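Student: Start from the sequences, fold in the hints, and give me the full structure.
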Amino acid sequence: MSRLSTLIAEGRRPVVTAEFPSIDGGGLEAIERAADELRPFVDAVNATDNPAAHAHASNTSIAIAMSQFGLEPIMQVVCRDKNRIAMQADIVGASLFGVENIACLTGDDVTAGDEPEARRVFDLDSTQLIKVAAGLGEGHYLSGRAIKQPPTLFVGAVENPFAPPLDYRVQRALKKAEAGARFLQLQIGYYPERLEAFVRGCVEVGVTRTTALLPTVVLTKSAKALSFMDDAVPGISIPVDVIASVAGAGDKEAIAEASYQLTLDISRHALSLPGVSGIHLTDFRHDGSLERLVRDLGIGPAFDPVATASGTTSH
Amino acid sequence: MPKLLPLIEHAVKKPVWDCRMCGQCVLHSTGMTCPMTCPKTLRNGPCGGVRENGNCEVKPDMRCVWVTAEHRSHSPAMPRHWEEEFNDLRPPVDNRLQGTSSWVNFVTKRDQRTPRGWQGAAHDAHSAVPGASMVEIDDPTSLPEGFHS
Ligand code: SF4
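Read top to bottom, the protein sequences are chains A and B. The first sequence begins at 1 in the numbering used here and counts up one residue at a time. The second sequence begins at 1 in the numbering used here and counts up one residue at a time.
The hints are simulated quantities; they were obtained by calculation from the structure and are not laboratory data. Nothing here was measured: the structure is a model prediction, and the numbers come from that model. Where a beta carbon is used, it is the ideal one built from N, C-alpha and C, also for glycine. Hints are not guaranteed to be accurate.
[Unchecked claim] Covered by chain B, according to a simulated footprint, are these stretches of chain A (three or more residues, beta-carbon under 8 angstroms):
| # | region |
| --- | --- |
| 1 | 110-120 |
| 2 | 123-130 |
| 3 | 165-177 |
| 4 | 214-226 |
| 5 | 229-243 |
| 6 | 262-269 |
Tutor: As structure tokens, then:
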């Protein structure tokens, strides 16, 4: 049982997950440094799989290294780059090293990256991959071939409550839950009313009975960063007045502070929704704001009453 | 005739649905919108990249195939059970059927055959196959047992 799955099952406190930075070099020390920074504040961290269709050190290598440095990985697997055989092999292979949390994603298109000439694979779609990954945990490959000592897996996925067709997103979350997703990290979004409607719908149709919802918030420093996400990141749209209010906050420092407050507001709102089990953090600031955010919110391992009392959390 | 059918099917379905001849047609359950025209060939709903205006992440000038599909699935012109099947979990594509006639594969039920693991049960090489409820129809594209390199 992964720590993430235990925390979610207990439901004692909101869980905190985050995004691991992309690694291209610097050996294991680079991973250790990043792991040390995140470890005190988060419960588990995403080992990304060629995010935005840019090649980096692989999901499996990062996930394995993270777990060796005592940081619990959530290994992303995207359908863009590998066929069903390779994806199953990665999941089963990483599990030999103790990687249990798997997040199944469609993946941004190759045209979002710096090698748009690449062949796109999409042999499975994300929902199919969820079911295939769940099957590995039950002791068989997609072919049906048995795995004698099956891996312990905690399978999840991603859903975007903010992208059209809005009315359908709850159904899609349900489909993923039924396929075997036990957690859903939600896409970054700046429309609180859409998140609210989505979470309410998920509670109504029963998604949250089996599956934890983890909305994503992102720490940014400038209005430019918001505009960039709005323009360039697939599936993210930010209302113009939100960008304008951050841009109009004053000098550089005031803008950075307004950006932080925006993230804090969005996080508080997300965590206030019944049906939300925690939060996923993406940090583009790297200036200690992640620590400030979990402190202001009072969540994460540093604020775990039970773990702190029994002395299992380091400060 | 078997050789001719894929040609006829393509001639009929290409102009109307931009059919890609995957050989395992799901049009009725996807609002009569071919999911293989999605640049990511997604068969279980839209990706998270759909633009705010409902257009495709990959082709900004094209409406997302799944936005159209979802909209059409509610059309009163279509039978109710097609709408209900919209959110069914569709199995992975059998890439061996590419270019064959889905009409033939429908009649022979070849298009319903899925890997054993998809039905949820493990088997070991020597025991009988659990969950294989369907009569297996002759498949000219599959290799005989023991033909693995
Ligand atoms: S936006 Fe729609 S059509 Fe484009 S890749 Fe995603 S699901 Fe397919």
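Student: Each hint should be assessed against the structure and marked as holding or not.
Tutor: Comparing the hints with the structure gives:
no. : hint    : in the structure
1   : 110-120 : holds (count 3)
2   : 123-130 : holds (count 6)
3   : 165-177 : holds (count 7)
4   : 214-226 : violated (count 0)
5   : 229-243 : holds (count 3)
6   : 262-269 : violated (count 0)
Of the numbered hints given earlier, the model fails hints 4, 6; all others are met.
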